[in-house]
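Following the working numbering, the numbering of the sequence shown begins with 1 at its first residue and continues without gaps.
For the record, the hints were derived by calculation from the structure and aren't laboratory data.
Small disclaimer: the values here were computed from a predicted structure and weren't measured.
You may find that some hints are simply not true.
[To be verified] Simulated crosslink set (DSSO-like; lysine-lysine; CA at most 27 Å straight-line):
id	residue 1	residue 2
1	Lys104	Lys182
2	Lys290	Lys256
3	Lys232	Lys256
4	Lys256	Lys236
5	Lys224	Lys236
6	Lys104	Lys75
7	Lys104	Lys120
8	Lys241	Lys307
9	Lys267	Lys236
10	Lys256	Lys159
11	Lys75	Lys240
12	Lys290	Lys241
13	Lys224	Lys290
14	Lys99	Lys120
15	Lys256	Lys182
16	Lys240	Lys307
17	Lys256	Lys241
18	Lys182	Lys159
19	Lys241	Lys182
20	Lys48	Lys75
21	Lys99	Lys27
22	Lys182	Lys224
23	Lys224	Lys256
24	Lys224	Lys241
25	Lys240	Lys290
26	Lys48	Lys104
27	Lys120	Lys159
28	Lys99	Lys48
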Amino acid sequence: MDVSVIIPAYNRLWCLPRAINSCRHTKCQTEIIVVDDGSTDGTWEWLKDQTDIVAIRQENQGQTRAINNGFRVAKGEYIRFLDSDDFLCADTIDRQFNKAVTTKAQLICSRVDYYDESLKAITQAPEITDWEDFLEIQLGNGYGSHFLGMLFHRSLVEKVPRRPDFAYREDRMFLLEVALLKPEMAVLEGCAGYWVQHQQQMQGNYNHTRMQAVNAQHLGIYQKILAELDSKGQLKPEYKKAACTVLWPLAHWIAKYDIAAANRVIKWLYELDPEFNIPERGLLGMMYSKLGFNITEGLLRVRRIIKYGWKQSP
Numbered sequence: 001m002d003v004s005v006i007i008p009a010y011n012r013l014w015c016l017p018r019a020i021n022s023c024r025h026t027k028c029q030t031e032i033i034v035v036d037d038g039s040t041d042g043t044w045e046w047l048k049d050q051t052d053i054v055a056i057r058q059e060n061q062g063q064t065r066a067i068n069n070g071f072r073v074a075k076g077e078y079i080r081f082l083d084s085d086d087f088l089c090a091d092t093i094d095r096q097f098n099k100a101v102t103t104k105a106q107l108i109c110s111r112v113d114y115y116d117e118s119l120k121a122i123t124q125a126p127e128i129t130d131w132e133d134f135l136e137i138q139l140g141n142g143y144g145s146h147f148l149g150m151l152f153h154r155s156l157v158e159k160v161p162r163r164p165d166f167a168y169r170e171d172r173m174f175l176l177e178v179a180l181l182k183p184e185m186a187v188l189e190g191c192a193g194y195w196v197q198h199q200q201q202m203q204g205n206y207n208h209t210r211m212q213a214v215n216a217q218h219l220g221i222y223q224k225i226l227a228e229l230d231s232k233g234q235l236k237p238e239y240k241k242a243a244c245t246v247l248w249p250l251a252h253w254i255a256k257y258d259i260a261a262a263n264r265v266i267k268w269l270y271e272l273d274p275e276f277n278i279p280e281r282g283l284l285g286m287m288y289s290k291l292g293f294n295i296t297e298g299l300l301r302v303r304r305i306i307k308y309g310w311k312q313s314p
């Protein structure tokens, strides 16, 4: 088997057929593995009628375990992960597989475009240029840091299973841990697939309780990865600067719920990069520069309370 595509699914019957269809009709040997995480919308019944896919049923164990369970049965030399609401371009699997065979690369990266479900509109992203340091790009969550654009040799996935303890940001943890392995990588021009923006996704993103957990796990990922690099003597200034571009906005989000925790992140940020430049411009940038992080975040909180009300504002 050349390529295994692993698709976790939960109550996404409205879009799952599109994702699956985008993986069909390849020239290379491809298996499509769909792991249904206890859907109640008819997903499993529909999957049982699809004779050309490997369908697995689990009972509400979460996306992370769905991916790991899918990989356990995967036979492909290369592995691709696909969210059930996203979809690939028609020739992506063949093009990336051929590139992998030709270059003997362990990781193939292509650009990811955006698809607005409500407008049925595509926004094209810039092409990915050759990355000198994949780990630096991933630490900064730079453009192209989405697994939708990537094809992985199975040896990488064997070494880096998805982590249930980072379930909300397991994709970020996965890519950073893959980057730590320093894989042989090749860039393939063209669009790999479409990252779909839709209403269900947006509603999930703005759940306050969920966002607190997401932010805590995101911070934990950076603490773990940077500590590992530091213990090996590999925490280069470039890695510190890249991480700070993520830690700054993360501190802002954490401040909405826990200003003391956010201040600790800011303290760590300036320990990593004492010359860090605040990215915000205009009035907000001036406030951060003149008033400091703590006072500025307090004023922003007052503004949110005035605008949205006490109960709706974090």
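Hint check:
A C-alpha spacing of about 14 Å is found between Lys104 and Lys182, which places the hinted pair at or below 27 Å, so the restraint holds. With a CA separation close to 20 Å, the supplied pair Lys290 and Lys256 stays within the 27 Å bound. Between Lys232 and Lys256 the CA atoms are separated by roughly 34 Å; this puts the pair beyond 27 Å, and the hint is violated. Distance restraint check for Lys256 and Lys236: the Cα-Cα separation of roughly 31 Å exceeds the 27 Å cut-off, and the hinted pair is therefore not satisfied.
Restraint check: the Cα-Cα separation between Lys224 and Lys236 comes to about 16 Å, which is no more than 27 Å; the hinted pair holds. For the given pair, Lys104 sits about 19 Å from Lys75 by alpha-carbon distance, which is consistent with the 27 Å threshold. Among the hinted pairs, Lys104 with Lys120 is inconsistent with the structure: their alpha-carbon atoms are about 37 Å apart, more than 27 Å. This hinted pair does not check out: Lys241 and Lys307 have alpha carbons roughly 34 Å apart, beyond 27 Å.
Of the supplied pair hints, the one linking Lys267 and Lys236 holds, its CA atoms being roughly 19 Å apart against a limit of 27 Å. For the suggested pair Lys256 and Lys159, the alpha carbons sit about 36 Å apart, so the restraint of at most 27 Å is broken. With a C-alpha separation of about 38 Å, the suggested pairing of Lys75 with Lys240 is violated against the 27 Å cut-off. A hinted pair counts as satisfied when its Cα atoms are at most 27 Å apart, and Lys290 with Lys241 qualifies at roughly 22 Å.
Distance restraint check for Lys224 and Lys290: the Cα-Cα separation of roughly 32 Å exceeds the 27 Å cut-off, and the hinted pair is therefore not satisfied. With a CA separation close to 30 Å, the supplied pair Lys99 and Lys120 exceeds the 27 Å bound. Of the supplied pair hints, the one linking Lys256 and Lys182 is violated, its CA atoms being roughly 36 Å apart against a limit of 27 Å. The hinted pair formed by Lys240 and Lys307 fails the criterion: a straight-line CA distance of about 36 Å is larger than 27 Å.
Restraint check for Lys256 and Lys241: the C-alpha separation of about 24 Å stays at or below 27 Å, so the hint holds. Restraint check for Lys182 and Lys159: the C-alpha separation of about 12 Å stays at or below 27 Å, so the hint holds. Between the alpha carbons of Lys241 and Lys182 the distance comes to roughly 19 Å, so the proposed pair stays at or under 27 Å and holds. With a C-alpha separation of about 20 Å, the suggested pair Lys48 and Lys75 falls inside the 27 Å cut-off, and the hint holds.
This hinted pair checks out: Lys99 and Lys27 have alpha carbons roughly 14 Å apart, not beyond 27 Å. Of the pairs offered as hints, the one joining Lys182 and Lys224 holds, with about 17 Å between alpha carbons and a cut-off of 27 Å not exceeded. Taken as a hint, the Lys224 and Lys256 pair is honoured in the structure, with Cα atoms around 23 Å apart against an allowance of 27 Å. Taking the CA atoms of Lys224 and Lys241, the gap is about 16 Å. The hint holds against a cut of 27 Å.
Straight-line distance between C-alpha atoms of Lys240 and Lys290 comes to about 25 Å, which keeps the hinted pair within the 27 Å bound. Using a Cα cut-off of 27 Å, the hinted pair Lys48 and Lys104 is violated, with the two alpha carbons roughly 36 Å apart. About 38 Å separates the Cα atoms of Lys120 and Lys159, which puts this hinted pair outside 27 Å; it is violated. With a CA separation close to 33 Å, the supplied pair Lys99 and Lys48 exceeds the 27 Å bound.
The structure does not agree with the numbered hints 3, 4, 7, 8, 10, 11, 13, 14, 15, 16, 26, 27, 28 stated previously, though it agrees with the rest.
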